[in-house]
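Residue numbers (my numbering), protein chains in the order written: chain A, 10 to 336; chain B, 10 to 336; chain C, 10 to 336.
Errors might be hidden in some of the hints.
Treat identical chains as interchangeable: a pair holds within one or across any two.
Said to hold, decoys possible - No farther apart than 20 Å at their CA atoms in a straight line, the calculated lysine to aspartate or glutamate pairs in the EDC-like style are these:
| no. | residue 1 | residue 2 |
| --- | --- | --- |
| 1 | Lys332 | Asp320 |
| 2 | Lys200 | Asp293 |
| 3 | Lys86 | Asp67 |
| 4 | Lys130 | Glu159 |
| 5 | Lys332 | Asp293 |
| 6 | Lys40 | Glu106 |
| 7 | Lys330 | Asp320 |
No lab work stands behind these hints: they were computed from the structure.
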Amino acid sequence: MYEFNRNNFFSIKKIYRATEISKLFEKKLIKTRITNDFDILDISSLKNIKKNSFLFLDQEFDAKKNNIANILFITEKEIIFNNPNFENIILVKNLNESWNILLNLIYSHEDSSDYSDEFTKIDNSYISKYAKIDASSKIYNNCVIGKGVEIGKNCIIKNNVVIKNSLVKNNVVICDNSSLGTTGFGFDYKKRGASDLNPQIGIVIIDDNVHLGSGCTIDRGKIDYTYIGKNSMIDNLVHIAHNVEIGDNACIAAQTGISGSVIIGNNVTIGGQAGFAGHLKIGDNVVVAAKSGVTKNIVDNSVVAGFPATDIKKWKRQIIKQKKDGY
Amino acid sequence: MYEFNRNNFFSIKKIYRATEISKLFEKKLIKTRITNDFDILDISSLKNIKKNSFLFLDQEFDAKKNNIANILFITEKEIIFNNPNFENIILVKNLNESWNILLNLIYSHEDSSDYSDEFTKIDNSYISKYAKIDASSKIYNNCVIGKGVEIGKNCIIKNNVVIKNSLVKNNVVICDNSSLGTTGFGFDYKKRGASDLNPQIGIVIIDDNVHLGSGCTIDRGKIDYTYIGKNSMIDNLVHIAHNVEIGDNACIAAQTGISGSVIIGNNVTIGGQAGFAGHLKIGDNVVVAAKSGVTKNIVDNSVVAGFPATDIKKWKRQIIKQKKDGY
Amino acid sequence: MYEFNRNNFFSIKKIYRATEISKLFEKKLIKTRITNDFDILDISSLKNIKKNSFLFLDQEFDAKKNNIANILFITEKEIIFNNPNFENIILVKNLNESWNILLNLIYSHEDSSDYSDEFTKIDNSYISKYAKIDASSKIYNNCVIGKGVEIGKNCIIKNNVVIKNSLVKNNVVICDNSSLGTTGFGFDYKKRGASDLNPQIGIVIIDDNVHLGSGCTIDRGKIDYTYIGKNSMIDNLVHIAHNVEIGDNACIAAQTGISGSVIIGNNVTIGGQAGFAGHLKIGDNVVVAAKSGVTKNIVDNSVVAGFPATDIKKWKRQIIKQKKDGY
Numbered sequence: 010m011y012e013f014n015r016n017n018f019f020s021i022k023k024i025y026r027a028t029e030i031s032k033l034f035e036k037k038l039i040k041t042r043i044t045n046d047f048d049i050l051d052i053s054s055l056k057n058i059k060k061n062s063f064l065f066l067d068q069e070f071d072a073k074k075n076n077i078a079n080i081l082f083i084t085e086k087e088i089i090f091n092n093p094n095f096e097n098i099i100l101v102k103n104l105n106e107s108w109n110i111l112l113n114l115i116y117s118h119e120d121s122s123d124y125s126d127e128f129t130k131i132d133n134s135y136i137s138k139y140a141k142i143d144a145s146s147k148i149y150n151n152c153v154i155g156k157g158v159e160i161g162k163n164c165i166i167k168n169n170v171v172i173k174n175s176l177v178k179n180n181v182v183i184c185d186n187s188s189l190g191t192t193g194f195g196f197d198y199k200k201r202g203a204s205d206l207n208p209q210i211g212i213v214i215i216d217d218n219v220h221l222g223s224g225c226t227i228d229r230g231k232i233d234y235t236y237i238g239k240n241s242m243i244d245n246l247v248h249i250a251h252n253v254e255i256g257d258n259a260c261i262a263a264q265t266g267i268s269g270s271v272i273i274g275n276n277v278t279i280g281g282q283a284g285f286a287g288h289l290k291i292g293d294n295v296v297v298a299a300k301s302g303v304t305k306n307i308v309d310n311s312v313v314a315g316f317p318a319t320d321i322k323k324w325k326r327q328i329i330k331q332k333k334d335g336y
Numbered sequence: 010m011y012e013f014n015r016n017n018f019f020s021i022k023k024i025y026r027a028t029e030i031s032k033l034f035e036k037k038l039i040k041t042r043i044t045n046d047f048d049i050l051d052i053s054s055l056k057n058i059k060k061n062s063f064l065f066l067d068q069e070f071d072a073k074k075n076n077i078a079n080i081l082f083i084t085e086k087e088i089i090f091n092n093p094n095f096e097n098i099i100l101v102k103n104l105n106e107s108w109n110i111l112l113n114l115i116y117s118h119e120d121s122s123d124y125s126d127e128f129t130k131i132d133n134s135y136i137s138k139y140a141k142i143d144a145s146s147k148i149y150n151n152c153v154i155g156k157g158v159e160i161g162k163n164c165i166i167k168n169n170v171v172i173k174n175s176l177v178k179n180n181v182v183i184c185d186n187s188s189l190g191t192t193g194f195g196f197d198y199k200k201r202g203a204s205d206l207n208p209q210i211g212i213v214i215i216d217d218n219v220h221l222g223s224g225c226t227i228d229r230g231k232i233d234y235t236y237i238g239k240n241s242m243i244d245n246l247v248h249i250a251h252n253v254e255i256g257d258n259a260c261i262a263a264q265t266g267i268s269g270s271v272i273i274g275n276n277v278t279i280g281g282q283a284g285f286a287g288h289l290k291i292g293d294n295v296v297v298a299a300k301s302g303v304t305k306n307i308v309d310n311s312v313v314a315g316f317p318a319t320d321i322k323k324w325k326r327q328i329i330k331q332k333k334d335g336y
Numbered sequence: 010m011y012e013f014n015r016n017n018f019f020s021i022k023k024i025y026r027a028t029e030i031s032k033l034f035e036k037k038l039i040k041t042r043i044t045n046d047f048d049i050l051d052i053s054s055l056k057n058i059k060k061n062s063f064l065f066l067d068q069e070f071d072a073k074k075n076n077i078a079n080i081l082f083i084t085e086k087e088i089i090f091n092n093p094n095f096e097n098i099i100l101v102k103n104l105n106e107s108w109n110i111l112l113n114l115i116y117s118h119e120d121s122s123d124y125s126d127e128f129t130k131i132d133n134s135y136i137s138k139y140a141k142i143d144a145s146s147k148i149y150n151n152c153v154i155g156k157g158v159e160i161g162k163n164c165i166i167k168n169n170v171v172i173k174n175s176l177v178k179n180n181v182v183i184c185d186n187s188s189l190g191t192t193g194f195g196f197d198y199k200k201r202g203a204s205d206l207n208p209q210i211g212i213v214i215i216d217d218n219v220h221l222g223s224g225c226t227i228d229r230g231k232i233d234y235t236y237i238g239k240n241s242m243i244d245n246l247v248h249i250a251h252n253v254e255i256g257d258n259a260c261i262a263a264q265t266g267i268s269g270s271v272i273i274g275n276n277v278t279i280g281g282q283a284g285f286a287g288h289l290k291i292g293d294n295v296v297v298a299a300k301s302g303v304t305k306n307i308v309d310n311s312v313v314a315g316f317p318a319t320d321i322k323k324w325k326r327q328i329i330k331q332k333k334d335g336y
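Put together the whole structure using the sequences plus the hints.
Have a look at this one:
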């Protein structure tokens with residue numbers, strides 16, 4: 010896990026005590042069990058559990074094996090609530106709506122009207138007063154660098170680039186008209202619209218020596234981060250959704266789209282216009298042919314093609330068969 | 010139909026009388042029949058007929074059932090011209106070229122060299138003197154808001170967003186690097202090039218509580234408008250062409266493209282990288298799987314997948330068969 | 010071939026003599042044979058051979074038939090080096106790495122930290138002091154026009170457009186948020202990352218009366234240029250890679266992607282979301298249906314569809330067969 014200080018990006022509007030949280034849910038609250046009280050200073054995910062935080066829980070979790078001191082769990086599953094190992098837990102009616110209620114009350118985030126930042130025009134771009142950019146890095150024209158953003162050494166940020174809610178390491182090149190740290194497309198299918206999108210309070214991390222092409226969009230994580238590994242090369246008009254993690258040395262051709270929470274290994278090669286369904290695990294050294302539609306996990310060293318993507322040799326046999334059928 | 014004042018966006022260069030119009034076509038004119046003379050103040054479409062306007066007619070139209078007083082019809086079909094129910098009608102050689110001639114003479118539009126707008130720098134964006142933005146809405150950095158544009162209450166327009174020729178209602182969020190009100194891709198296949206593109210003098214309407222992602226493009230209507238219904242959520246790098254109308258509560262994933270004049274019902278869910286051929290009708294509650302290529306109308310409550318898109322159960326059977334063929 | 014002065018875009022840091030070049034390769038150098046010495050003033054490609062230049066050679070080349078006076082060849086193939094017809098030639102260990110070494114030493118290019126340009130704010134855009142824009146052309150807001158760029162007569166460059174390393178002829182319209190002259194995605198699969206991308210020192214040429222939509226990306230050539238022919242119309246979110254050449258009167262619908270070095274004839278019509286593999290030759294008057302994946306050369310007057318793209322009649326028969334299989 011990479012650590013970052015969420016408060017640099019999204020300010021806490023008010024520090025609540027654990028015992029105060031349940032009231033915030035109003036009609037969504039069912040019941041609550043708080044054993045000790047504490048300040049809520051951050052949010053945890055299952056991947057990254059922090060003291061003095063809350064954690065939205067919708068799946069099995071071993072409350073005994075993990076250190077859960079000063080963590081407030083929120084769940085919509087009574088079976089989880091009834092597990093006595095959870096010392097501090099709230100049962101709510103709808104986890105997704107409860108997320109929206111709580112996050113909107115606690116955090117000032119980019120999609121809420123109380124969000125603010127302060128910009129200074131430096132050279133020809135708008136740079137937040139709360140951004141840190143190494144003097145060796147170059148920012149071209151009409152860029153926007155938002156608060157909390159850190160840009161390391163020897164980076165080149167070209168023109169009309171928007172970087173918000175992101176940490177950019179060293180020797181990174183980001184080409185024109187790309188947007189980083191944009192809002193992830195997270196929601197409940199039953200409640201739609203801008204005001205019901207889930208607040209996204211994670212970030213984007215671009216590691217050393219990444220090349221990002223033009224017109225790309227990289228959404229920030231919901232809680233943790235979207236990550237692009239070292240020495241990865243990404244072509245133009247690529248979309249990378251929230252929580253995606255891409256290993257080192259990736260090569261991703263133009264117009265590919267990677268849905269939310271996909272985890273990709275090291276040394277992958279992905280052709281143009283490929284698409285990935287959400288929550289997949291893609292192994293190391295995988296090659297995905299252009300225009301593939303990947304719908305299942307892929308093990309290390311695989312070469313896949315087609316939609317739904319399959320072993321490329323099988324796909325080629327399918328194509329030959331189809332051609333014959335066409336006569 | 011939603012009404013808007015076209016003159017707020019595209020100024021009329023000269024108000025012609027109906028009897029003056031035929032001369033403008035020069036060599037494209039075949040014959041003319043004007044029963045009464047009147048000022049030409051606007052343009053009609055078959056969906057939205059207005060008095061004191063002209064209407065380009067290329068299909069059957071019941072001149073008796075509709076109120077055609079003070080409407081000047083222009084057609085390339087002699088059978089339409091010969092219908093005596095049309096009181097004011099012009100027969101031309103080529104309807105598409107006649108569109109270009111007439112629109113370029115009457116309107117100053119965004120793709121003509123005589124177009125102009127006046128911008129003021131407000132905060133860090135360029136706002137037209139002729140745009141109206143509610144004080145409760147926020148415009149971030151490097152945006153351009155063109156003339157005639159109205160933005161309602163509590164909207165968030167992020168960075169490097171271009172909004173022209175558009176009405177944006179309330180509680181709308183538009184993310185970084187998106188472009189609204191851009192020029193529709195309308196033309197005659199036989200005459201190509203920037204100077205032969207059809208002038209597009211409609212607008213874009215974004216209704217309440219819409220979320221539009223980053224890097225999207227929404228073209229304005231040719232005569233009327235491109236419309237995004239209430240509570241719709243659109244992900245990144247989505248292309249929506251001219252005259253498309255999308256109902257309420259749509260959910261459209263990244264990199265999807267919707268061709269011109271597609272009409273989509275309420276509550277649709279569309280996966281990423283899907284594509285729609287032009288002029289289709291898509292019903293309510295339709296689900297379109299990712300990477301689908303929709304080539305035909307889809308009735309209410311359908312779930313489709315594949316290219317050409319078909320019922321998802323049939324598509325899955327096809328896939329199983331193809332996999333077997335691959336062995 | 011269209012001629013351009015590379016120095017207008019990418020300045021030579023130092024003029025080397027042919028005899029000095031071999032030392033620059035350091036450990037990559039194997040051996041060298043220099044018959045006469047001369048100044049290295051430019052780079053040649055096999056398409057465009059210039060005196061007083063170097064030429065990276067990885068394929069057969071008739072050194073007798075071509076005028077090779079004052080050309081320094083660089084190759085990694087001993088069989089080429091051993092051909093005595095090459096008067097001035099260097100044998101290196103890795104042609105791709107040698108490209109990077111030499112280009113980074115000789116040229117200050119956009120992806121190197123020593124690159125610089127000087128901008129003046131004119132109206133509401135940043136224009137390089139070294140760009141030439143005809144007074145009859147309009148540049149809207151928040152654009153960036155880089156050094157060496159020339160824009161001809163009666164062009165309309167809309168908002169937030171980035172044009173670098175490009176020659177734009179007359180009557181061209183470029184819509185909002187598009188990027189021209191961006192960095193091509195050229196590299197060796199074995200060495201990845203921003204610092205190992207091949208320096209790209211070619212340009213983009215947009216010929217007369219081209220319409221380019223919104224959110225497009227057009228990469229510059231590696232040595233020569235990416236070219237869009239007269240009267241071509243390109244829709245939104247289209248990606249055109251380095252070295253692509255498109256003939257006159259092309260019509261390319263939204264979200265299509267064309268990989269590097271594809272050569273396309275005149276009068277082609279390409280549907281939306283189509284993709285082209287690299288290095289293909291596409292004939293005149295070809296029609297490529299939407300969502301096609303073109304993997305092979307296409308002869309004149311063909312109509313193709315599907316992935317891999319095939320004759321559209323065959324494709325339709327395949328589809329009918331697949332549908333039957335789905336029952």
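Here is how each hint holds up against the structure:
1. Lys332 x Asp320: The answer is both: 19 Å in one copy and 10 Å across copies each meet 20 Å.
2. Lys200 x Asp293: Between copies only: 16 Å across, 37 Å inside.
3. Lys86 x Asp67: The answer is within: 7 Å in one copy meets 20 Å, while 60 Å across copies does not.
4. Lys130 x Glu159: within (17 Å within a copy, 27 Å between copies)
5. Lys332 x Asp293: Close neither inside one copy (33 Å) nor across copies (25 Å); limit 20 Å.
6. Lys40 x Glu106: within (16 Å within a copy, 65 Å between copies)
7. Lys330 x Asp320: both (16 Å within a copy, 16 Å between copies)
The structure is inconsistent with hint 5 alone, although it conforms to all the rest.
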